[in-house]
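Visitor: In this text, residue positions in the sequence shown follow numbering that gives the first Met the number 0: the first is 0, and each later residue adds one.
What the hints contain is simulated information worked out from the structure, not anything from laboratory work. Don't take every hint at face value.
[As the list claims (entries may be wrong)] Straight-line distance between alpha carbons at most 25 angstroms, and here's what the computed SDA-like set of lysine to any residue pairs gives:
| id | residue 1 | residue 2 |
| --- | --- | --- |
| 1 | LYS113 | GLU126 |
| 2 | LYS55 | ALA174 |
| 3 | LYS113 | GLY184 |
| 4 | LYS113 | TYR11 |
| 5 | LYS3 | GLU151 |
Remember, predicted model here, so these are calculated numbers, not experimental data.
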Amino acid sequence: MLNKIYVAVLHYPITGKDGRILTTAVVNMDVHDIARTCRTYMIKRYYVVNNLPVQKQIVTRVLNFWGSDFGKNYNASRYEALELVKMVSYYEDLIEDITKAEGISPIKVFTSAKKRSNMVPYDEMKEMVLREERPILFLFGTGQGMPKEILETCDVSLESIRGHSDYNHLSVRSAVAITLDRVIGEFVQKGGS
Numbered sequence: 000m001l002n003k004i005y006v007a008v009l010h011y012p013i014t015g016k017d018g019r020i021l022t023t024a025v026v027n028m029d030v031h032d033i034a035r036t037c038r039t040y041m042i043k044r045y046y047v048v049n050n051l052p053v054q055k056q057i058v059t060r061v062l063n064f065w066g067s068d069f070g071k072n073y074n075a076s077r078y079e080a081l082e083l084v085k086m087v088s089y090y091e092d093l094i095e096d097i098t099k100a101e102g103i104s105p106i107k108v109f110t111s112a113k114k115r116s117n118m119v120p121y122d123e124m125k126e127m128v129l130r131e132e133r134p135i136l137f138l139f140g141t142g143q144g145m146p147k148e149i150l151e152t153c154d155v156s157l158e159s160i161r162g163h164s165d166y167n168h169l170s171v172r173s174a175v176a177i178t179l180d181r182v183i184g185e186f187v188q189k190g191g192s
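Kindly produce the complete structure, drawing on both the sequences and the hints.
Guide: Here you go:
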């Protein structure tokens with residue numbers, strides 16, 4: 000069951016404060032921390048989507064360091080988590096890569112801090128994970144979120160994370176961890192596969 004779950008953090012295309020489409024910078028901590036979360040929750044692969052060559056070089060440098068003999072020996076668990084990370088340039092590359100690996104296109108799950116109509120609650124998403132045989136891809140945005148063009152390609156719009164306040168500006172690291180725990184946390188605790 001859990002060996003079909005994918006996570007992607009989009010840095011492009013992203014909506015800026017002015018509503019225009021832009022590319023956000025990759026935060027080194029996001030690469031490390033989200034990889035560790037994905038490893039903890041038995042995610043098959045964590046994709047970083049960024050179309051800027053300089054940003055891709057930064058991520059590649061991080062992955063090469065921790066994949067080197069020194070990095071593996073210095074912190075084996077960090078190396079194990081970062082093995083899950085794959086860098087792609089565009090959203091289309093992401094979908095193509097998963098489709099090629101799985102032989103079928105993934106169910107695309109749109110996540111956002113914004114409330115939208117027709118959002119699927121977490122309980123329904125849990126049931127979908129259990130019953131679906133297709134791979135499932137959870138998409139997370141940066142900046143001001145993913146544009147409607149991405150939403151329109153998705154199969155599911157997952158309910159937004161809400162606390163007990165009107166403040167809702169979580170880091171993408173926190174959003175990934177909370178979402179995965181709410182959807183598959185109990186299965187991981189039970190040793191689901």
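Visitor: Please go over all the hints and tell whether each is borne out by the structure.
Guide: Hints, one by one, checked against the model:
1. LYS113 x GLU126: It holds: about 23 angstroms lies between the C-alpha atoms, which stays within 25 angstroms.
2. LYS55 x ALA174: 23 angstroms, holds
3. LYS113 x GLY184: Holds, because 23 angstroms separates the two Cα atoms, which is no more than 25 angstroms.
4. LYS113 x TYR11: 18 angstroms, holds
5. LYS3 x GLU151: The hint holds at about 22 angstroms.
The structure is consistent with each of the numbered hints, conforming to all of them.
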